[in-house]
Every structure is written in structure tokens, then in C-alpha cells.
Amino acid sequence: MDFNDTEAEASFRKEARNWLHDNVPSKADLAGLDEVQQSKLWQRRKFDAGWACISWATEHGGRGASPIEQVIWQQEESKYDVPIGIFDIGIGMAAPTLMHWGTDSQKRKYLPPLASGEHIWCQLFSEPIAGSDLAGIRSRAIKAGDDWVLNGQKIWTSGAHYSDFGIIVVRTDPTVPKHEGLTYFFVDMKSPGIEVRPIKQISGSSNFNEVFLQNVEVPDVNRLGAVGQGWKVSITTLMNERAALGSGGGDVGFNSLFELANQLTIEGRPAIDDSLVRGALANWYCQESGLRYTGYRALTALSRGETPGPEHSISKLVGASKLQDMASFALDLLEMAGSLANVECAQYFDTFLNSPGFRVAGGTDEIMLNILAERVLGLPQDVRVDKGIPFNEVPTGT
Amino acid sequence: MSFIFRTESLLNTSFLNFEFSKEQELLREQARAFLIQQCPTAAVRKILEGNEPFDKDLWRKIADLGWLATVIPEEYGGLGLSYYELAVIAEELGRALAPIPFSSSVYLATELLLRNGTPEQRREWLPKIATGEVIGTLAVAEDIGRPTPQTIHTVARNGSISGRKIAVPDGDVVDFVIVLVRCEHGNGTSLYLVESNDFSHEVVATIDPSRSHANLEFKDSCGELIGADGFGWEMVNDVFDRAAVLFAWEQVGGTQSTLDQATDYAKSRYAFGRPIGSFQAIKYKLANMYVKHTLARSNCYYGTWTLAGDHADLRLAAATCRVSAIQAFHYASKENIQTHGGMGFTWEFDCQLYYRRAKLLALNLGSEHWWQDRLITAHEQRNQAA
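Line by line, the protein sequences are chains F and X.
The opening residue of the first sequence carries number 1 in the working numbering; numbering runs sequentially from there.
The opening residue of the second sequence carries number 1 in the working numbering; numbering runs sequentially from there.
So that you can see chain X by itself, here it is in the shape it has in the complex (with noise of 0.2 Å):
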């Protein structure tokens, strides 16, 4: 993407290309087309259905895509991209509902290891992650509510973790983990990688299936140190932050696909002698998702900005994007089943699989009142920097 824009810091530049480029827009085209065939909503069924955790055909032919390797440095392994492709590809992700481990290994795997990893730590994943031989993710949450530094109770002891993390994404798939931990000495929190063979898993049942997640046991685990020992939560924060951005885009895909399944059924459904999507007040409801999906959609084109040029301003348009996407995914996954009517809350019709994943996004990198506050609170950081 190539776009400029103006700030109060930057009236030197201008915004008249806040547009993606038109090799961005090829690769959407081509990573739709792609998707349309491979990952139609049966196949989302099937993973909601029955036992696989995950679509593994499908991760099989992203991976040869390359989508697993777009911002990893061609050092690497990877194709040195940069966030406007990823941005462009989690888009696409998202309309199609995609059920694989792309959120968990790209945007929190490798983002930490990328950000906080030794070079032999990178050397050492970020190939078989790039490949899609390995996978990783990322765990903080131990109980309900929201995590603070203080909710973690998970310990390292001479480089060995013991605790137990809840709801982690694709836990049950993973190669590897990155634990969110207290640290062996003094107050703070510390990241360390843990190998699949080193700790214990149970499946969870969670509100969308089609994306698999688990409880994770660890006893004295071997764990290796990621980053700066005592600033675990500083680095997920940073991550989180980067994530935002990209869960974004997969709501502002997946709020699409829901504004296009309903604005079809109102034009083809009838009731009293004339299509609903006649009637204003399911107008007003399609509309409305419009409105919610465009100010969420032009929020992401900033965030992506902000990511890809790791600019100061990225913690609070990371926020921005988070809210207005968790907002509208899910106006328009709950009115999408409104508009449908009685056949909308069967099992039968797709409109579940919409609602489902709009509230596991939502909920996945922390709610929609925890993103208020940061947002909130990075406002408050950067007038105090100014």
C-alpha cells in the first residue's frame, strides 16, 4: 500500500494515495480467487463439524503460497514483505473464514520471535514457521477475567515453567508456545518458548469450533527465555498491538462476507408480495453494517500504515482498528441472523459461522472494553509526550 496522510506531525506529507498498491490489489485478487475454491464455507463446516482441528490441506497450500512467510526477512526463510501484503492476505483470511492456525503462527508466533528473538532463535523457527513445518502460539490467559501482570501465576524456576494456561489458541496443534510467565526474580513477568513434548493439553469446546483452542498444563517444563527476562508483559503488549491490526483485517473480511450474505437473502427472500431488502427497516440494518464496515475498514488502512512503519502512533490506531472491527463483526454477524429471520439460528444456515468468529476475534487478544481503555490510555500517553 502506498498511501500518504497527513497528521498534526507530519504537514509535510499529504494523504492522496491512501490507496493499496496495484501489485496489493493483485495478490487480493488472486488470494480470493484462491479461497473461493479451496475454503468455501463447507469447508469451515467440516472443521465445526467433526474431529480435525484444523483445515490441514488448506495450511498445506497456503504454506506453498508463501502466506505463512510474508513478513518473515528472506534471512530467514521468509519473502521479506511487508504488512500491506500480510494486511491484504488476513483480509481475505477473514471474508473466507479461514479454519487453520494463521493468526496464532503469523501474527503472534512469529511477531514475537521476530521482535524479541535472538538471531538464533529466529534462525532456529522462523524457517519451519515460514515453511509451515512448525507451528506456534501464544498463551497468557490462566483464569477468567482480564489478565493484569498479577493474574499470572505461572512460574519459571531455573529455566523450568510450571503452571497452567487456559484458552490458548490451537494449543492443541502447536510445535511450540510462547508462555507468559513470572519471572525468576523480582516482580516482573518473563516470555519463555516451550516444545510441544514438554507439556500436557486438553481440547477445549469454545464459541466457534471451527477454530480449535486448549488448556495447557505445564510441570517443570523446559523452557527457553524469549526477550528481555522481567518484560513479558511489555512484549505482549507490543505484539498485542501489532495482532490488533491483523485481527482487524480478518473482521473487516469476515464483516464483508456477512454484509454480503444478508444484503443476498433481502434481495432474494419475499414476504408480503416484495423482497425484505425493500423494507426500510432491514435497509437501515444493511446500511448500518455499510456504515460500521467502511469506518472500520478505513481505521485498518491507518493501522496498517502505523505497523508497517513501526510508527509511534501504532498503539493507538492498533486500538482504533481493534474497537471499531470487534464493533462491527459483530452489528453485523447479529443482524445478518436478524435479517435472515427463524432459518438464521439453525444449524443449518451459514449465518452461525459468522457469528461465532466474530465473537472468538473479539475475544482472542482481550474484549472490546479492555481495547477502549488502551485506546484511551495511548491518547493520554501521546498528549503527554507531545
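Here chain F stands alone, though its shape is the one from the complex (with noise of 0.2 Å):
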């Protein structure tokens, strides 16, 4: 048995521990800057001192660090609140992504800025017509000389206007099956023609955008992978999605609701006293608990250079869902007065109203389910009326 890290693991370890507690930023270095800037601000720090991106090459901005040192790094920063949110789709998605399927100019041009976090990334590949069945995506890129000139909608990108690049999957031949008419892109966001309009949700708040795209001129060297290759480039964005989605638990999560129960009474007596209370307070903390041996049984094999498989989608298909009932169920205990917007406990209120989109964003819990089923399990591909068919004779129901 081997609780400890290895001499090497330990000596790293405490480096990045003691490089953490001289560096993170103080209140004071962060007063007056907005998120965007206080991102910035640690990324950079981080950059320089050679503790950003520390799996990737040195030539890329890394530090060729080896899988295990960097999922130390993370347990280590993690213990901090330091701002790191804005990179995720950048760092944690379009970078795994130009590695994979990048020439070595893209690499050398694009990873570096990414690493130091001068770029921001954003994603666009949802389309108001194409979310879950995301192969079916109608915004269209035509060659035009060297250049290709994009046209139509994205939705659902978050960080859309204050980003410097986007990866895109657009459609550059409609005449062949869905999956084999797509290329994949990465556009300038200030390009002419990009025009950014924020959506509002259920909660009052807007953290995502749609995007209109008219006559953007991307050039030919902006491209990843072959013309209709796209799909499988997205693929790789995608798993490397979900393996970076966590719960999104926050301040709602087994800890907050049995606080509250023993606060909250039923009848004279505490809420935690009560049977129905304690039985689904149970079940909540074996999901809790169940992810994160589940999670650390994922690190172990992350950290043995294993890529993140398809199993990773139980963590967003688990915690969206507990996370939606433990609101929920937070609201019931208030009684009456669980309606009301300004009570004390407002992490409850918010968090029921913001908890469907986690349950929808990078992948509904139908798909979650649909790729367990499929590639864990080996069951056979639902019946798909469009399988072979040219893309523009597929039936649209318009």
C-alpha cells in the first residue's frame, strides 16, 4: 500500500506548493480588474514562471511535464480560488485540438499565447437547428481564391465577446452524408462580419451568446485537418470537453443542505430529525462520494497517460441532475416562504433556476446516456433515417 507520493511526486509536489504560496494573487492585485483581466493577470504569472499549461512541450509554452506531475499541479492550485475559468475552452478544448490535428506553424503560432493566456478561445459549434444531433449543422463555408467566406448562426458560445479566437465546425459540402460535409476552422473573432448578441436565461443572467456569421473571410491556413474532415477533428474538442465539465456544484452540494437542515426545523423539531429528510440527504452524499472516488479513480488513470474516455460522462450526467433535486428539495424545506427570491438562502433559489442548463450544456443527459450506452457498453446505434443520405435531401420538418 502507497499513500505517499513517490520521493520525485513529493519534491514536485512541495515546488509547486511553495511556488503557489508566493504567487497567487493577493485582493490587492486583483482590485479594480474585471474577471477577463484578473485571468489574465495569474495566467501570465503563471506563464513566466514556467507553471502554465505544464504538460505541453516547452516549444508550445509548456514544461513537459509528465501526466502525474500534472495532475498534482491541479490538486495544488485547486486548493486555491484563483481565476482560471475564461481559459477552459482555450487551454482545456482548442488546444488538445490543434496538438492533435495542428501543422507545426499552427502549433507554434497559436500555443504559445494560449499558454501564457493572451488569447482567449471561444467555441462555436452549436446551431439553433443542430445541438444534440450536432453533425447536422447548416452554417456554410465556401471557397473563394486561398479564403473561405462563412455564413450563418452559431448559439450557446460562452466568452464569445471577449474572445480573440473561435474553433468552428462549418458545413463545405452539402451534397455528401452529414458527417463526411464538414470542415473545421478557427476564426478570428474580430473578423468583419462577426456580429455577437448575448442570450438571456431562466436566471436573469447571460452567459452565453449567439453568433451571426456574414461573409467572415477565414483563410485556408486557419483550417484543422482535411476539407470534410471535420467531424473527427470535433471529436477530439469534444471528448476533451467532458473530461474538463465538473458538476458545477458550488456552494450547493451535500455540506450546504444538511447545514441547513439542522438550522431548518419541521414541526418543532430539526429538519435533519425528520426520516424523509435524512433518507434523501443519504442518497445525495453516496452520489457525492461515488463521483469523486469515481474521479479519482479517472486521475489515477489520467495520471498513468491514459486520455480521458468516455466514462467521464457520468460526472455531468450525475451531478446536473442532484444538483437541479438538491435545490429543489432545499426550496421544499423553506415551505411558503421557499418562493421568495431574497430569503437568506439564495444559492438555492439561483441554483434551481440556473441548474437545467447544466443538465444541457456540453451534451444532454440523453446524450450522456446515449454514449454510455453505446461506446461503454457496446449497443448497437439507434435506427438514423439520415445515415447515407446526401445532406440537403434530409428531411428538416421545415
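The reader is advised that the hints may include incorrect statements.
Cut-off 30 Å, straight-line C-alpha distance, at most; resulting in silico cross-link-like pairs (DSBU-like, lysine-lysine) [what the hints assert, rightly or not]:
1. F:K143 <-> F:K40
2. X:K61 <-> F:K387
3. X:K46 <-> X:K22
4. F:K200 <-> F:K190
5. F:K232 <-> X:K267
6. F:K14 <-> F:K40
7. X:K22 <-> F:K14
8. X:K128 <-> X:K46
9. F:K27 <-> F:K40
By construction, these hints were calculated from the structure, which means they are not laboratory data.
Dock the two chains into a complex; use the hints.
Shown next, in the form of C-alpha cells:
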């Protein structure tokens, strides 16, 4: 049994810990900066000291660290409340896709500014007509000389308004079956013809955007993979997305609900003494702990250099529903006052309204179940009436 | 298993080795190959349908392999291995639905003697348990409903035990039983070991006849005190926590073979011109089985770590294993029948074996509801201690 780091791992952990201790930005460092500025400050500080994207090759701005060192770094960094979220798509999804599919000159040009935080990237995949059926996208790219001209509409793009580049999948050939006519590019978000409009969600906040593309010119050197190979390239991005997505729990979880049930009463007795409350809480505890230890098992595999597989879908699938159910349960504990937006337990109210989004974003519950059934259990694909049919002959119901 | 993990109390360890060791995985392969040969579902069905209380041939063979001796220290004739090895064996026995008194003799009787027996008592019983020469069990329940110290009416008077115990796993085949009784002095409860020539038993029909049960009658039976007088309930709870982790591994193993059966059937059974596994209604059932199974399995990893290291978190971890494993096996076994349609609830198909075993394992150590309550209580106690 070996519960501790090896000597080399322990020494790496100590080095990381010491550096973090001395360099995590103070409140004063961050005062007066918005989220984007704060994030860029932290990323740049890491980059300058060789702690950004440590598993990347040094010529790409990383440190050439091993998978296990990468995991140790993440463990140590996550002990601090540092702003890193805005780089999830660029560093977590676009970069692995660039590494896998990019040419040497693309990697040299685009990876270092990702590592340093100079460039922020966003993702232009979903469309109003193509969500779960992502390969059914209709935005077009038409070749014009050396360049491509893009037209169409993308949706659910986080951070589109502050991003420098966007990874985008578009249709280059509508006369072949849907998966075969797609091509993957990255586009400069400051290009003429791009218009970003925020989407107001149930909760009233706007974390996502619609992005309209009108005659946007994209040079052919911004293509990843061959023309018509866009679907395959997209899968690389999506596999990394699911590995990166957590349950998004924030301040709603077993501990907060346990505390709430200790504060509130039911007919004069602490709510936590109620057997229904105990049963529900016990079930969520089991889910939370099951997800935590499933994560440890996955980290063990990652630290051995294995790539994230479809079994990572579990975390998002279970976590999102749990969050929604817990928020709803907490509001119930407040009884009639649970309907009030300005009670002390505002986090449950907010989570109740935000959590439906978690069940959809990054692949719906239903898509996750399909992935588990088909890729993990090996069940046959559902019948697809659009299979083998040229995209422009597929029924659309319109 | 050498795994590393981190909780708030263990900030200086990581969790990058959260897996069984190579040697333990090798043991698993051997155990699985052995049980595929020696314990196919036909062997389970033979006990279910016949008059034999358990598969004596299989029992002999697993004794020869040393499985009964896994965690018994070498000084008592055991192998002195860890709970990781026992967890591996438990999962494989659960997967095979082995119709033998393993859980009674190994998870309950052995643990009670190891934890609470005097050196003489351990010397007397453990070497014989290790070879399979004797089988032991634990008797708690006396009536319908959740047992508490107050529901125990069996009494000890001058070392003589009188009373009645019901639904005792393997009560008809054991050589001794450890009985929870009202203690002789004061209000507490105590544990006494009674040999089988000193009580009468009546075999009872249960929800899973592949595992025999009996009601036991004690009339001035000669008993030997095990552990501290007056602390019977505490010792039972302690051994229940330990056994819960191992029962959970059996349940996880059972869930896996149920899922395998459902998946195989969904791929080969056609309806409306396609394999039924291509319909999302079936896919979602099977994917949900996989999810519940994975969560329960991961909880068992942590539970085994707390068991092997006698960690303070064992009570909470054990309840977590047990609740999630009960839910996983129940869900998988009922939806497996549903996946099989009409054939699923016939006597002929094996679906019933999993469905029966899932419920039996869910009841043997006390119900899901009881363990949900234990889980929250354990959490409350941990918070108070912190």
C-alpha cells in the first residue's frame, strides 16, 4: 500500500506548493480588475514562471511535465480560489485539438499565446437547428480563392464577446452525408461580419451568446484537418470537453444542505431528524462520494498517461441532476418562504433556475446516456434515417 | 490495493494510486476463471431447486484455495492477507452468486472473533474456520421490524442462553452461532457463542433459496461470552460496518453480472426488425445500471481503504458503500427482468437468481432505510468529533 507520493512526486508537489504560496494573487493585486483581466494576470504570472500548461512541450509554452505532475499541479492549484475559468475552452479544448490536428506552424503560432493567457478562445459548434445532432449544422463555408467565406449562425457560445479566436465547424459540402461534409476552422473573432448577441437565460443572467456570421473571411491556413474531416476533428474537442466539465456544484452540495437541515425545523424539531430528509440526504451523499472516488479512479488512469474516455460522462450526468434536485429540495425545506427570491438561502433559488442549463450544456443527459450505452456498453446505434443520405436531402420538418 | 487519496484530514497524501495492485488483479483473474468453471448459474440453480443447503463441493474447493483464511492471521492458521484481497474475492463470489455460507463465516463470525475473541477463543475457532472445517454465523433478529437493543429478548442466565432467533443466514448448517442476547446484569446486550449441538433449528423458506436460512431455538443452551459483557450491540454494529463493505463488494459483483446479462440480451434479442438494445428506452436503462454500478464500485474502493486501515471514517464509508450497492443491485436486477420482457420472470431464465440475491443481500445486514439513517448519524458524529 502506497498512500504517499514517491520522492520525486513529493518534491515536485513541494515546489508547486511553495510557488503557489508565494505567487497566488492577493486581493490587492486583483482590485479594480474585471474577471478577464484577473484571469489574464494569473495566467501570465504562471507562464512567466513556467507553471502554465505544464504538461505541454516547452516549445509550445509548457514545461514538458509528466501526466502525474500535471495532476499534482491541478490538485495544488485547486486549493486556491484563483480565476482560471475563462481559459477552459482555449486551453482545455482548442489546444488539445490543435496539438492533435494542427500543423507545426499552427502549433508554434497559436499554442504559446494560449499558454500565456494572451489569447482567449471560444467554441462555435452548436446552432439553433443543431444541438444534440451536432453533425446537422448548416452554417456554410465556401471556398473563394485561398480563403473561405463563412455564413450562418452559431449559439451557446460562452465568452464570445471577449474571445480572440473561435473554433468552428461548418458545412463545406451539403451534397454528401452529414458527417462527411464538415470542415473545422478557427476564426479571428474580430473579423468583419461577426456579430455577438448575448442570450438571457431563465436566471436572468447572460453567460452565453448567439454569434452571427455574415460573409466572414477565413484564410485556409486556419483550417484544422482536411476538408471534409471536420467531424473527426470535432470529436477530439468534445472528448476533452467532457473530461473538463465538472458538476458545477459551487455552493450547493451535501454539506450545505446538511447545514440547512440542521438550521431549519419541521414541526418544532430539527429538519435533519426527519426520516425523509435523512434518506434524501444520504442518497446525495452516496452520489457525491461515488463521483468523487470515480474521479480519483479516473485521475489514477490519467496519471498513467491514459486519455479521457467516454466514462467521464458520468460526472456531468449525475452531478447536474443532483444539483437540480438538491436545490428544489432545499426550497421545499423553506416551505412557503421558499418561493421568495431574497431569502437568506439565495444560492438554492439561483441554482434551481441555473441547474436546468447544466443538464443541457456540453451534451444533454440523453446524449450522455447514449454515449455510455453505445461506447461503453457497446449497444448498437439507434436507427438513423439520415444515414448515408446527402445532407441536402435530409428531412428537416420545415 | 495501493491507493492514495486526499480528504480534508489527509492533506499530505494524494490519490493517484486509487486502484488494486497488480497482484490483486491477478488474484481476481484467477478467482474469476475458477468460479466460471466451478460456479456457473447452473450450480446456483441446483441449490435453489434442490434440498442441499449449500454447494459443499464448491465450499471444499474455495477452502483449499485459502479464501476462507484470507484475513485470518498466520498465527491462527490463516494467510494474513489484507482486506483488499478479501474485497477482490467478495466481488467475484458476488458476481458468481456463489451458493455458500461465505459471508456468514468470513465477514461475520471471523470478524467478531478477530475483533472481540480472547486469544483462547481465537485459537480454538479461527484455524477451523480457515480450513472450512467449521462454519459460523451471527444471529440478531427476533421479530419483524428493525432490531434495536430493546427488541432483544433472548437472555443469558449463568451462561445459559434461552430464546429464539429468526432469519439466521446459514443457521441450519453452522457449527456455531454468535447470539446477541440481553446481558445477565444491567440493561445492556452481550454476545455469546453457542455450538450447534446445543440449539435446535428449523429451516425456513426465504426470498433466495440459494442461500439457506433458519430460525433458531435456544433452551438453556450452553454459551460462551464473546467480548465485553454489556456491549453486544456495539460489537454487532462494529462488525456490521465491516461486513457492509464486503457485502457491498458482493453486490457490486452481482450488479456487474446482471448488467452483463442485460447487455448481452439487448444485443441479441430483435424486435421491430432491430436489436432491442438499439432503442433508447432500453439503452437508458442499461446506461443507468452502469452509472449506479460505477458509483457503488467507487464508494467500495474508499470503503475498503477505511476497512483495511481501520480508519475513523469506516462507519460513514461503510454506510455509503452499502446504500449505493443496495440501490445499484436492486435497480440492475429489476430492470434486467424488464429488459428480458416476459421471459425475464420465468423460472427458466436466470434473471430471477439476481433479483432474489439482490434483495437477500439488501436485507441480511439491515435495510437500505436503516443504513441511510446510519449514514447521516455517522456524518453527524464525524462533525461533532471534528
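Hint check:
no. : hint              : result
1   : F:K143 <-> F:K40  : 36 Å, violated
2   : X:K61 <-> F:K387  : 54 Å, violated
3   : X:K46 <-> X:K22   : 35 Å, violated
4   : F:K200 <-> F:K190 : 23 Å, holds
5   : F:K232 <-> X:K267 : 27 Å, holds
6   : F:K14 <-> F:K40   : 25 Å, holds
7   : X:K22 <-> F:K14   : 29 Å, holds
8   : X:K128 <-> X:K46  : 27 Å, holds
9   : F:K27 <-> F:K40   : 15 Å, holds
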